[in-house]
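Trainee: Those sequence lines, one after another, are chains A and X.
Per my numbering, residue 1 is the first one in the first sequence, and the count goes up by one each step.
Per my numbering, residue 532 is the first one in the second sequence, and the count goes up by one each step.
These are calculated hints, taken from the structure and not from any lab test.
Hints may contain errors.
[As the list claims (entries may be wrong)] Computed, partial: chain A to chain X, Cβ under 7 Å:
no.	residue
1	His204
2	Val208
3	Arg224
4	Val228
5	Glu231
6	Thr233
7	Asp288
8	Val289
9	Arg290
10	Glu306
[Stated by the list, open to error] Facing chain X, according to a computed beta carbon distance under 10 Å, are these residues of chain A, among others:
no.	residue
11	Asp48
12	Thr232
13	Glu237
14	Ala341
Built from N, CA and C at the ideal position, the CB exists for glycine as well.
Here is how the chains run, residue by residue.
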Amino acid sequence: MPPLPTRALMRGLRGRFVLCLPGLFGMVGCRAEPPAEGITVLLESPPDSLDDRFALTANGQRLAALITPGLLAFDDASQPVPVLAESFREVSPTLMEFTLRPGLTFHDGTALTAEDVKATFDGLRDARVRSPRAERYAALKWVEAVDARTVRFHLERPYAPLLAELSAGIIPSERTGADDVAAQGEHPVGAGPFRFESHPDEEHLTLVPFEGWYAGAPALPRLRFRVVRDETTRVLELLKGRADLAVNVVSPAVLPVLRREPHLRVLSRPGTGFAYVGLNLREGPLADVRVRRALCHLVEVGPVVEHKLHGLARPSQGLLPRANWAWAPSAGCPYSPEEAARLLDEAGYPDPDGPGGRPRLTLSLKTSTDRLRRAVGLVLKEQLARGGVQVEVRALEFGTFFDDVRRGRFELFTLKWASVMEPDLLRGAFHSMNIPTAENNWGGFNRGGLRDAALDSVLEAAARAPREERTALYAEAQQRLDALMPILPLWHEDSVAVVSTRLEGFEPSAHGLLTPLARARMASGAKERAQ
Amino acid sequence: MRRRIGSAAVALVGALLLVSLFLHLVPGDPVDVMLGEQATEVDREALRRAVGLDLPWYSQLGVFSRQLVTGELRTSLPPFQRKVLPAIGTALPYTLVLTVASMLIALALALPLGVAAAARRGTAVDAVAMGTSVAGVALPRFWLGPVLIIVFALKLDWLPVSGAESWRHLVLPALTLGTALAAFLARMTRASMLEALREDYVTVARAKGLSPRVVLWKHAFRNALLPLLTVLGLEFGTLLGGAIVTEKVFAWPGMGTLLLTAIEKRDYNTVRATVLVFTLCYVAVNTLTDAAYARVDPRVRRRS
């Protein structure tokens, strides 16, 4: 039987009753407790797991990265940077070699060696462990611990994107087996900058700095994570000064209010979340590339970003974020109603009765019920209407909406790629192998149903090619995608952190990671101010 | 008594069947919700098999019932298929505390207000009391909650914004729930008082020369309590079902939060189990209400 909250309530009652005198409304002069030691980080939903092998949600992965980092991580340009590894090199297209940093230890004090790395990846791929990520290692043949600090990954075939999967969190070898899954989930042990302290319920998690972290113990004395599901409440907690950090969990519309507070700062930097309009290429007017181009010429992204996102996004210049190493310039489609009109005329959608009046064609746009997404849908409707394209906006609960999208029951939809790091994502999104069908249980990621043999072969080549040749291949793919226009790119959303003045030195990352906490510190005098 | 247990069992089984059926009629796949847009089909299939989502809904229901009875029930979603019953065991007391607190607030506000309004029917007192109560019913909780936070937590700085760490965290959510309920109860109290005041026994009491106060409280009020009890029981059951909006606003870790999270994740097992608990609570509260009836009204006692 878990402890009754009544006990906590009673404890509070006894503790407080003396100080702030009775009655519901008679507590004048009874202030809320000063912030406790360390900082409080607000989350919008609980992590699904603290074990990196199982964490699939953004929060699970962000927290796991603090406790159990991997050999490498990806910087804002999505370039690999060594973390637990000191260095790594591609010996051949099918062999990668990592050298570990000297003197690494886990939170429990044991040394981290190549054997632990091997055991981690062997465990990940072990069917009995049932990691949902196991299949991503299909190209990995075997892992070899050469000596205590050297580990080699032998591949079945050249497959550059595997590097992204080698960032998985390293855990002690004795915890990698199928029987130890629960232990690692309940009390994760890793070699990260922060050590697990407690996780009393879904809503709370505490981490403390790890003295053995290779870059030196973090300066923050304690990280307290709190789940607050309601956005208004998160904002109020920040206003009250009871929270010190919120990363990407406050929508742009409220940020001006937070900016005015002297005890809060709003930090932002270009992020990797990508918003787009999906198009159904299988049938109907959108099967015609001229219609798709026309829509693209009618959409003005700039004003939407400025007014709906308060400038906290960059209009897309291509599908990958501007900072990504594989980014290549895209021809795009400048706002041009004339060009759109010409293309629609050509495609057989003449204006029936001049500007205004009846539309050239009618399409439906599906969005989730998210306030921002719905608002954006309405702006798009307005913009397209000016060019004679009538759009019916339908907002659906996310599960329903997403089901429709997967099964191809849409003409237009708006969605977002949460975080774009590895450009091989394009293969998932546009290769004809990945069209969802009943046979693959509507699982493919090419939801618009694009089929283009030329693009397929470029994307396949890019996944196989050695690293230095990939950039050119992705530039070619981008060019092909510009011509095919399978989706309308909108913008890349900024990564936005609301930070209290008690917390210093936190620099938001493009991916919205929490790892910058390892380098942050308490503001000098934060304690006095808190009293 | 046997009839009562029988009808409770029917209610439970019915609720379970309906919920399971609806869960499967609702479009959306738990696997999608979990894995997000960028998941591969291999991941998806593995997950579906791992959690038994590949079985038809009635087989899933069978598995669910078996696991529930043995206490082995776990959440439908990996990675850790946590046990469901302990989660409910943690959430339920929070909801109980909140329910009782808001009930007390509601009663403390509603009874005097309703009685006063009935006693001075048609006067300014009546108008003000009923005016406030209309406002109370009309205010949505997702609005009232934040407003109370802004006033009491931010401007006055008396109370914390959200969470459930001490009794001070309880005040605002209980007020939010309590006021809405109070408004409703006040109207009920007034109506049933007015009815009681029209009864012959009140006239008799007055004719006996009893003081208006005694007539009002001892004769009219006690009789007016009966319909109130029914409403109270129903409301109590509803509140136990988790005040989802209020719990979300105040980050109160009760049944409402549990259910909301489970629905968002399409965690079928937790949804089924929480709904079962709600049904149980409802049945229990209704039984208690009937028992209370018997205590308040001798006629009921004699009949049964």
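Trainee: Run every hint past the structure and note whether it holds.
Mentor: Cross-check of the supplied hints:
no., hint, verdict
1, His204, "violated, 9 Å"
2, Val208, "violated, 20 Å"
3, Arg224, "violated, 11 Å"
4, Val228, "holds, 5 Å"
5, Glu231, "violated, 10 Å"
6, Thr233, "holds, 5 Å"
7, Asp288, "violated, 26 Å"
8, Val289, "violated, 24 Å"
9, Arg290, "violated, 28 Å"
10, Glu306, "violated, 26 Å"
11, Asp48, "holds, 7 Å"
12, Thr232, "holds, 5 Å"
13, Glu237, "holds, 5 Å"
14, Ala341, "violated, 34 Å"
Violation of the numbered hints given earlier is confined to hints 1, 2, 3, 5, 7, 8, 9, 10, 14; the remaining hints are satisfied by the structure.
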